[in-house]
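J.: Chain by chain, the residues:
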Amino acid sequence: MEIRFRVLLVIALASLTGCASVRHLFGHHGASGGDTVADARGGADEGAIPDREDGGPGSGGERGAGSGEAPASGSSQNGDESAPDQSSPRVIEPQVERRKIKVPRIRSQNIEVGGYYGTLNIEDFGAHPVYGVQAAYHITEDIFFQAEAGRSKGGYTSFEKLSNVQLLTTGERWFKYYDLSVGYNLFPGEVFLGRNFALRSTFYLLGGLGGTEFGGDQKFTVNFGAGYKVLPADWLAVHVAVEDRVFNTDLLGVTKLASNLEAHLGVTFFFGF
Amino acid sequence: MLARPLLLLLPLPLALSGPAHARERLQVFVNAPYLELHTGPGRGYPVFNVVERGGSVDVLKRFTDWYKVRTERGIEGWVAQRDMLQTVLADGTPFTFNLGDRAGFTSHRFEAGVFLYGDYGGASELGGYGSFSLTSSLAVELSVGEFLGKASNGTLGDIGLEHVFLPEKRFSPFVTLGTGIVYTQPKATLVQPSDRTDQSAYAGAGFRFYLTRRFFVRGEYRNHIVFTKSNQNEQVDEWKFGFAFFL
Chain X
1 MEIRFRVLLV IALASLTGCA SVRHLFGHHG ASGGDTVADA RGGADEGAIP DREDGGPGSG
61 GERGAGSGEA PASGSSQNGD ESAPDQSSPR VIEPQVERRK IKVPRIRSQN IEVGGYYGTL
121 NIEDFGAHPV YGVQAAYHIT EDIFFQAEAG RSKGGYTSFE KLSNVQLLTT GERWFKYYDL
181 SVGYNLFPGE VFLGRNFALR STFYLLGGLG GTEFGGDQKF TVNFGAGYKV LPADWLAVHV
241 AVEDRVFNTD LLGVTKLASN LEAHLGVTFF FGF
Chain R
1 MLARPLLLLL PLPLALSGPA HARERLQVFV NAPYLELHTG PGRGYPVFNV VERGGSVDVL
61 KRFTDWYKVR TERGIEGWVA QRDMLQTVLA DGTPFTFNLG DRAGFTSHRF EAGVFLYGDY
121 GGASELGGYG SFSLTSSLAV ELSVGEFLGK ASNGTLGDIG LEHVFLPEKR FSPFVTLGTG
181 IVYTQPKATL VQPSDRTDQS AYAGAGFRFY LTRRFFVRGE YRNHIVFTKS NQNEQVDEWK
241 FGFAFFL
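Chains as they are written, first to last, in the working numbering: chain X, 1 to 273; chain R, 1 to 247.
No lab work stands behind these hints, which were simulated from the structure alone.
Hints are all accurate, no fakes.
Cut-off 25 Å, straight-line C-alpha distance, at most; resulting in silico cross-link-like pairs (DSS-like, lysine-lysine): (1) X/K161 x X/K176; (2) R/K61 x X/K102; (3) X/K229 x R/K61; (4) R/K187 x X/K256; (5) X/K161 x X/K256; (6) R/K150 x X/K256; (7) R/K187 x R/K150; (8) X/K100 x R/K61; (9) X/K176 x R/K187; (10) R/K150 x X/K176; (11) X/K256 x X/K176; (12) R/K150 x X/K153; (13) R/K150 x R/K229; (14) R/K187 x X/K153; (15) R/K187 x R/K229; (16) X/K256 x X/K153; (17) X/K176 x X/K153.
Which stretches of chain X does chain R cover? Using the computed rule of at least three CB atoms under 8 Å from a CB of chain R, they are: (18) 108-120; (19) 139-145; (20) 187-201; (21) 209-215.
Just so you know, even glycine gets a beta-carbon here, dropped at the ideal spot from N, CA and C.
With the rest of the complex left out, here is chain X:
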């Protein structure tokens, strides 16, 4: 019985020395310089690359085990001195600190704001000066949204002039409108002023909906038109635009579609955030 136990114990001991963790317990401290160097390097690696510590202490243990497996398979403790360097070549991580790049904000210039002045032909009430403000937001190089708000003052109809009757009060003659439109840059291009000077330009189409206050009533209005703009600078544009503002009116007794043509010259500025 005793012999059996002894044999078993010897076999167990012999097999355990091959096991990395047990080898770690037994022969590690007394091992030769090779292991110490490897461990020291392992420690240095851990210090240099903190993100490699994900595995925690376990990863260090595995590393130690890795370096120990080679000598164990070679069944010689003396092999420890040279084996780790040959069997598992280590990649030396360069200890370079990355430059921290602060990315400054890139300013956009998609918003266009300005004003205009021109002539509006109010149906039956004559052509009169019109002025207003406009703002646009450019979505792509082709498409933009535009809002306009303007006012003009209508004159007298021929009936009023001939009969000396006033259909509208002075306040009701104000023609005030606003609209929201979608615009499309149909022909973008350049304008050449002499040999060395070119300005950006575009011909655009506009169409939208809005409201018009005239003759003591507010009308749902459809507007459409076209314009041409030249940009003397990236932040500045000069427009010439023609638009028609159409709404249903019964101001003169019969319901009809009133067409109010407007031509204006505008100046706008580009900005953004």
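Assemble chain R onto chain X, guided by the hints.
T.: For chain R alone, coordinates are given in the frame of chain X:
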């Protein structure tokens, strides 16, 4: 006498322009064989200069999908977004610019839009809205509109909550609930009823559909109950459809 106060104003433009000069510009390095500089921010504008691989440019500003850059030699031109994405920063990381994507559509802070089609109780309506998201599916929204019809004109302003179902989907439905004020100007030729301002409450449902970048379309229906001063409350159906963007 007038000259002295004017002289005091002279340094003003200099002071105003100061921060502009001190502004830091983003410097990017060309990582493609070359970077093309166009004369204008558009596909048709000719290429007049190139920067070779390894060269750098300063990014001055952006107009839609185009970036205005200045080369090391001081030449300024416009570069397309797709070309800019092939440049790298000084630390070697690729230049990226978020022009908006589906992730932003799912979760964003602000959104705003205009309704190009609207119908408020039979009257044509124009309006807009803005909203602030509390979570990806819950937002507080503010909407305004003006309706112009045969029977009456008016304006309305509403504030309410919006709950979005499936915010991560391209097509995401939502429900809304809120309150508001409606100002009505009846049009009558025989009797002239007075204008009135009433409080209202609404419940509604709608959808949003992601288009591209930061843009989506939005359509919705709202059922308003207007608390009039007469005995009976009014019910008004409102239909709206328009374009919106998120930030």
